[in-house]
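Novice: Sequence:
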Amino acid sequence: MVATALEYTGRGESARVYNPQNELLFEVKAEEDIPFGNKIALTRISKGERVIKYGAPIGVAVRDIQKGRMVHVHNVRSAAVDIPENIRIEIIRQMNIREED
Numbered sequence: 001m002v003a004t005a006l007e008y009t010g011r012g013e014s015a016r017v018y019n020p021q022n023e024l025l026f027e028v029k030a031e032e033d034i035p036f037g038n039k040i041a042l043t044r045i046s047k048g049e050r051v052i053k054y055g056a057p058i059g060v061a062v063r064d065i066q067k068g069r070m071v072h073v074h075n076v077r078s079a080a081v082d083i084p085e086n087i088r089i090e091i092i093r094q095m096n097i098r099e100e101d
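Going by full-length UniProt numbering, the first residue of the sequence shown is number 1, and it counts up by one from there.
Calculated from the structure, these hints are not laboratory results.
Each pair of labels, with its calculated beta carbon distance range:
(1) Arg-93 <-> Gln-21: 33 to 43 Å
(2) Gly-48 <-> Arg-88: 10 to 20 Å
(3) Arg-93 <-> Pro-20: 31 to 41 Å
(4) Ile-83 <-> Glu-23: 30 to 40 Å
(5) Asp-82 <-> Asn-22: 34 to 44 Å
(6) Thr-4 <-> Gln-66: 12 to 22 Å
(7) Gln-21 <-> Val-62: 28 to 38 Å
(8) Leu-24 <-> Asn-86: 39 to 49 Å
(9) Asn-22 <-> Arg-88: 34 to 44 Å
(10) Ile-83 <-> Asn-19: 24 to 34 Å
Ideal placement from N, C-alpha and C gives every residue a C-beta, glycine not left out.
Build out the structure end to end from the sequences listed, making use of the hints.
Specialist: Set out below in C-alpha cells:
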C-alpha cells in the first residue's frame, strides 16, 4: 500500500496518513527523500505484488520495496501506462533516483 506525499518528506522524517475523521491510519519513517507528489510505501511490497493506492491497484512491483521507500518507475510497472524503457531511464536520471541499498 502506498500514499502520495503532499509535501517534501526528508529521509528520517515521518509521513502520516489520516482518514476523513482526522484519525491517524499510518505513520511511517521515510527511508529516503520523498519529493512532493511522489509515493511512499506504507508497507513492505514484494516483487510481483500489486501496488495499491487509494484502495485501487496502480501497478505491479518489479522488485521488493521496503516500507518507507519511494515508489516510482524504478520499482513499479504502471497498470495504466506502458512507459517506454528509454523514458523510464530518463525519469530515473532526472530525478536522481538511486536503487535501494
